[in-house]
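> Going down the list, the protein sequences come from chains A and B.
Anchor point for the first sequence: position 391 equals 391 in the numbering used here, and the numbering is continuous, going up by one each time.
With positions in the second sequence counted from 1, the corresponding number in the numbering used here is that position plus 1000.
Check each hint, because a few of them may be wrong.
Unchecked claim - Now the in silico label distances, taken between C-beta atoms and shown as ranges:
1. Glu-1148/B <-> Ala-22/A: 50 to 58 Å
2. Glu-313/A <-> Glu-1045/B: 46 to 54 Å
3. Arg-1032/B <-> Thr-222/A: 38 to 46 Å
4. Glu-274/A <-> Glu-1105/B: 49 to 57 Å
5. Asp-385/A <-> Pro-1141/B: 38 to 46 Å
6. Arg-1032/B <-> Asp-385/A: 17 to 25 Å
7. Arg-41/A <-> Asp-1139/B: 44 to 52 Å
8. Arg-1171/B <-> Asp-424/A: 29 to 37 Å
9. Pro-1228/B <-> Cys-220/A: 44 to 52 Å
10. Arg-1032/B <-> Glu-276/A: 55 to 63 Å
11. Gly-1033/B <-> Ala-459/A: 46 to 54 Å
12. Asp-1230/B <-> Pro-438/A: 30 to 38 Å
13. Lys-1126/B <-> Arg-257/A: 51 to 59 Å
14. Ala-388/A <-> Glu-1045/B: 26 to 34 Å
Claimed, not checked - Below 25 Å or equal to it, Euclidean Cα-Cα: the simulated SDA-like pairs (lysine to any residue) are:
15. Lys-456/A <-> Ser-32/A
16. Lys-412/A <-> Gln-1211/B
17. Lys-412/A <-> Asp-1230/B
18. Lys-412/A <-> Glu-1239/B
19. Lys-412/A <-> Lys-1002/B
20. Lys-215/A <-> Pro-1107/B
21. Lys-159/A <-> Asp-1011/B
22. Lys-337/A <-> Val-418/A
23. Lys-412/A <-> Tyr-448/A
24. Lys-1002/B <-> Ala-414/A
25. Lys-215/A <-> Glu-1045/B
26. Lys-1126/B <-> Val-160/A
27. Lys-426/A <-> His-1235/B
28. Lys-1126/B <-> Thr-1181/B
29. Lys-337/A <-> Ala-124/A
30. Lys-412/A <-> Gly-1033/B
31. Lys-1027/B <-> Pro-417/A
32. Lys-215/A <-> Gly-1042/B
33. Lys-1002/B <-> Glu-381/A
34. Lys-356/A <-> Glu-440/A
35. Lys-159/A <-> Pro-247/A
36. Lys-1076/B <-> Asp-1053/B
37. Lys-356/A <-> Asp-385/A
38. Lys-159/A <-> Glu-1105/B
Source of the hints: derived by calculation from the structure; they are not laboratory data.
The beta-carbon is built from N, C-alpha and C at its ideal position, and this holds for glycine as well.
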Amino acid sequence: MGVALDPRLFAAISAARAAQLASRTLKRGGGSTIPGVVARRVDPQVLNKLSRRLPLGSAAITGTNGKTTTTHMVGKILQAAGLRAVNNSTGANLVTGVTAALVGDASLSGRPSSEMGLFEVDEASVPRVAAEARLKILAVLNLFRDQLDRYGELAYTGKVIASAFADLPRDGAVVLNADDPLVASLGGSATNPIFYGVDAPDLDTGRLQHVADSKGCPVCGTPLQYDAVYMGHVGVYRCPRGDFARPEPAYRASRVRLEGARGSSFVLATPKGEREARTALPGLYNVYNALAAAAIAGEAGVGPDDVVRGLGEFGGAFGRVERIRAGDREAFLLLIKNPVGFNEILRTFITDEAAKNVLIAINDNDADGRDVSWLWDVDFEMLADAQAENATAAAPFTVSGLRAGDMAVRLKYADLPVGPVIPDRKEAIKTALEATPPGETLYVLPTYTAMLEIRKALADTGYTHQFWED
Amino acid sequence: MKLTIHHLYADMMNLYGDRGNVISIRKRCEWRGIPVDVVDVGLGERVRPTGCDLFLFGGGQDREQALLADDLSGSKGADIRAFVEDGGTVLGVCGGYQLMGHFYETPEGERLPGVGIFDLHTEPRKPDEARLIGNVLVDVPAPEDDEERQVVGFENHGGRTYLDDCEPLGRVVAGFGNNGTDGTEGARRLNAYGTYLHGSLLPKNPWLTDQLILNVLRRRDASFELEPLDDAAEHHAFESMSGRLAGRR
Ligand SMILES: [Zn+2]
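The following block holds chain B by itself, in its conformation from the complex (with noise of 0.2 Å):
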């Protein structure tokens, strides 16, 4: 079984280490013998979602978003919001994630549409307000095992993101989060998962991978189970810091 990762505008929109999660992805794939394939979408390239995809969403700078948001708002938009409606797993992160809720509205003033799989929307920040910028930590409800697991990640964002009617990603433990006030960060809704970590998200926290993989293995064979991995090093890089930032709670 293979497992294709269509990484979006990965030419424009990898400025906070998005190549972080590709070679997580392919990486913990490969050492369990799942061969991986890493297609590159572009501006004006369509989507092709062949049934084991992942879909990886990263983020940019205002100019690129208004060229991606343009380029989302016709059929493309449409293919990736179908594809998360049928149980399909993407990961939005930064400017992907402001983009896959309804608007995202710049510093101007412009309203750049979303394509909507999530219900939430995201404002810029107030003259007076400072970008949200530091490492953080979050709480989240893992829903394969019901168990609470944690996350850690660097955010830096001016833009705020309110969930309209839509479930967080997780609780902030430490850092800002959607938008420093609510205490909630990211988003979830089926297999979309939205958040304003990078850092990069998935190396230092393998189990977050593992759930996309499997979710995506899984609607191939509902039975899927991954081998487990020696994650010794991963644990040692995520516990370091969330002791930093436990203790600064």
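Next up, chain A with everything else stripped away, as it sits in the complex (with noise of 0.2 Å):
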């Protein structure tokens, strides 16, 4: 393949990888961006000149919940099918990761290892992105409310999102969760939206949960009726007014079984064909986020046999579902981000399996997100009313973190017992691991830099072994 030499693109790559080379020899962390940084400063354009020349072009893959798992998916599915796609790392959805990951996957002459780009993108970083990448897929997953302490208004991330469509060449598709009316409504500035969604009437939990997002119309506001909520906002809806229903999803999951912690199985229907899939991920977010990474791997032209394949294939991305096994216990890591994620993990492990042993640590760094309103939104009654009827109290929880105090009071107001109050998170998995009985798991619930925290306190004391690793 003839690639002309670009000499500016060259002194890009380079500077970029002198850079990578000297963050890593001091050790200065942020090894995932600095390239980008470099990079874009020799050659403004070295994120679309490198773009073009993957053969299968770009897939972005933007949302508040998912995006790593989904992303890691896809790549597992694009690996089925023998093909090779590069992708950024988490911790790195801006600009500049997207850029560093180029870069790094491409040799100095510029051209690139993989035959796609697969990137994970920050929600308000997709204009940015899309206007640079040339992308051929653009997935929006769903949109909550955790990053509202960051940009103000979901429906505004929603135009800022939608704001990116036009900049997709003809036969590129817009990936769109259906059951999540914001995101939903977006398909009105796609030229070619592509929907997924569930159809599982069993898992319709009755009520939205105290979980506020987007319940008004897109069109007109007034308040969304519901057939089915399976979480949070996402569900089967229509406005009252008729002037937005939920669209008809070419992607679709139905006969939902949820297999608590060993994962789910589903039926995946798609325009090339109808599969029984399953993922070893548990709970029903990521049956979505498995439907998600089916349309984008479809969208890619992979047929329904390697994507169901991929999917089976896949056991869990870095970090946020994990297990670890620690001596003659084990420690299963969930990781917290937001109200409609703990309820799904209340629902799918500490009501269903009566788990007896919990450690809940909540920070309110930045990557946490610095507002803990949202705890009052977790719907503990749920789980006070559950153990009262099954007669099944668990042991307290251990809670910890920088909010710890916050956690301790939103548990005495669901009138569930309190454990001991550990902020300190290396000296909290300490003593609740001690206080689990061998044999058993203890179910860890923190949110990211808590999980950071908590991860490398078991590393430090020789538990390392993950039974999940990508």
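Each of the two chains sits in its own frame; use the hints to bring them together as a complex.
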């Protein structure tokens, strides 16, 4: 394949390589974005140039929840189809991180070693990435309120994302979650919207959880009527005035069976046929991630057999759900991002499986979200009701994190017994593991930075073996 | 004696954990043997005060604000205003607080009329101004015992509220408050309270919760007293945040 040498691009890639080496040697961290920053300084067109050379183009994945998991799922599917994709690393989801990934994938002359780009992109960065990276597919997973802290308003975030649709080529596809009203409404701005959705009437929770987000019609603002609510504001809905309803999904999951920690199975319908599919990741939210991945891969031209094979082989993205053997006990880490995810985890693990040993760790650093109001939207009352009903009182939860005090108050007001309150994360995981009987599992529910701290504390103790690795 | 919470626009305006305020009032009453009813008041529904009532008015997004301003412009707003004049207790947070003033101007320049309980107005942030976001510590004079009290919470608002002729709820110790410039936070008139603080507001500030409950119940029985509760967990949560903020002063 003859690619003419572009001296400026060559200089940009060389400079990025040198910068990466230096940042690794100096252990300054940030190694995943620095090469992108440097390369863009030398050649502002570097992202545009490199992405043009990817034979299958690029897909970008954005939304509040599940970006990382979905991106890794698509990667696994492409791998099953014999395709190689370049993707950015978690925490590098701005335009510099995307640039760094492509620079790292390319030879010095600018020849990519991958066939396709696969990027998770922060919601606010979508327009810039779309303008430069020649996306073939742009997927929007969901819009929940945990970025309110950063962007002000959900509807505004939707508008920002939709403004990027015009940068897609004529044969490009915008992949949207039909079950999230705000996301589905973005289809009106797209030439070729492709929807995915879940049809599982038996999973209807029967009521909207106490999580605000977008419950008003995106067209007229009237409260939407729901035929089924799966989680948060996600479900099957329509505007009572008739000007907006859940679009018909082209990719659909039905007969969904949630099997707790073992994962889920479902029937996947695609424009190219129906298959039995399963994912090892637990919870309905991971069925959504798998469905999104199937839609993205399907639109990239991958057939349904490779899709279900890739999904089945996928074990979990770094840090989202993780099992770590801790001597004769086991630590099960479940990342907490927002009330919807927290409710799902309570529903999947704590209520159904009557998990006996639980540590909750809430931090409020920037990466966690500084506002912890959402703890009050989590349905701990449901948990208290379930325990009262089954007369299966779990041991009091251990509470940790910078906002351990807030979490303890939340449990108190749900009439749940509060165990030890240990703000220090390292001390908390140690104490909670010791209190866990041998052979049993400790469920650890941390926010993002608390998870990093707890994982490090476990590694420092020599507990590093993970059951699920990507 | 039963306390009734009227949660205004509960389904649309619970953006910042207002549910925490409802739970806080409910539990602190129930722990003292006072039954609580929660009535959700939606668009197009009239308010029907029964005597022992507390109105909660939470925050929403701009799209909802416009619908609510419209809904409140008729007799509903007038009923709530009359309820306040009569000594009724209202707590407005963020968007709800803004609509308790004379008007709220949206970033698009639309002036949404408020209920006019407080003599204040809210202007949009200018393009070069940031949203006011972060933890807040406020000194609040407590009229019950003349003691200075404190409140912690989290604020997240683009609008700047200016008090025209109205007492603030308190003085900002750390954070932005009404507008980030004059050091005031919230508003207070009779038994109406307005504030930008969520977090949620009431769970970590149990004295304020109790003051609201007392305001309500004393309308029925002027000598009513509340049994003290064990607030160790609440005080611990309050102090871990106020300690952090006081160090940043
Ligand atoms: Zn409508």
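> Give a verdict on every hint.
Now the hints, each set against the structure:
no.: 1; hint: Glu-1148/B <-> Ala-22/A: 50 to 58 Å; verdict: 55 Å, holds
no.: 2; hint: Glu-313/A <-> Glu-1045/B: 46 to 54 Å; verdict: 53 Å, holds
no.: 3; hint: Arg-1032/B <-> Thr-222/A: 38 to 46 Å; verdict: 40 Å, holds
no.: 4; hint: Glu-274/A <-> Glu-1105/B: 49 to 57 Å; verdict: 53 Å, holds
no.: 5; hint: Asp-385/A <-> Pro-1141/B: 38 to 46 Å; verdict: 40 Å, holds
no.: 6; hint: Arg-1032/B <-> Asp-385/A: 17 to 25 Å; verdict: 22 Å, holds
no.: 7; hint: Arg-41/A <-> Asp-1139/B: 44 to 52 Å; verdict: 48 Å, holds
no.: 8; hint: Arg-1171/B <-> Asp-424/A: 29 to 37 Å; verdict: 33 Å, holds
no.: 9; hint: Pro-1228/B <-> Cys-220/A: 44 to 52 Å; verdict: 49 Å, holds
no.: 10; hint: Arg-1032/B <-> Glu-276/A: 55 to 63 Å; verdict: 56 Å, holds
no.: 11; hint: Gly-1033/B <-> Ala-459/A: 46 to 54 Å; verdict: 51 Å, holds
no.: 12; hint: Asp-1230/B <-> Pro-438/A: 30 to 38 Å; verdict: 35 Å, holds
no.: 13; hint: Lys-1126/B <-> Arg-257/A: 51 to 59 Å; verdict: 53 Å, holds
no.: 14; hint: Ala-388/A <-> Glu-1045/B: 26 to 34 Å; verdict: 32 Å, holds
no.: 15; hint: Lys-456/A <-> Ser-32/A; verdict: 20 Å, holds
no.: 16; hint: Lys-412/A <-> Gln-1211/B; verdict: 20 Å, holds
no.: 17; hint: Lys-412/A <-> Asp-1230/B; verdict: 11 Å, holds
no.: 18; hint: Lys-412/A <-> Glu-1239/B; verdict: 17 Å, holds
no.: 19; hint: Lys-412/A <-> Lys-1002/B; verdict: 23 Å, holds
no.: 20; hint: Lys-215/A <-> Pro-1107/B; verdict: 22 Å, holds
no.: 21; hint: Lys-159/A <-> Asp-1011/B; verdict: 23 Å, holds
no.: 22; hint: Lys-337/A <-> Val-418/A; verdict: 22 Å, holds
no.: 23; hint: Lys-412/A <-> Tyr-448/A; verdict: 24 Å, holds
no.: 24; hint: Lys-1002/B <-> Ala-414/A; verdict: 21 Å, holds
no.: 25; hint: Lys-215/A <-> Glu-1045/B; verdict: 18 Å, holds
no.: 26; hint: Lys-1126/B <-> Val-160/A; verdict: 19 Å, holds
no.: 27; hint: Lys-426/A <-> His-1235/B; verdict: 24 Å, holds
no.: 28; hint: Lys-1126/B <-> Thr-1181/B; verdict: 14 Å, holds
no.: 29; hint: Lys-337/A <-> Ala-124/A; verdict: 18 Å, holds
no.: 30; hint: Lys-412/A <-> Gly-1033/B; verdict: 17 Å, holds
no.: 31; hint: Lys-1027/B <-> Pro-417/A; verdict: 15 Å, holds
no.: 32; hint: Lys-215/A <-> Gly-1042/B; verdict: 13 Å, holds
no.: 33; hint: Lys-1002/B <-> Glu-381/A; verdict: 22 Å, holds
no.: 34; hint: Lys-356/A <-> Glu-440/A; verdict: 9 Å, holds
no.: 35; hint: Lys-159/A <-> Pro-247/A; verdict: 19 Å, holds
no.: 36; hint: Lys-1076/B <-> Asp-1053/B; verdict: 15 Å, holds
no.: 37; hint: Lys-356/A <-> Asp-385/A; verdict: 16 Å, holds
no.: 38; hint: Lys-159/A <-> Glu-1105/B; verdict: 21 Å, holds
Consistency with the previously given hints is maintained throughout, with no hint failing.
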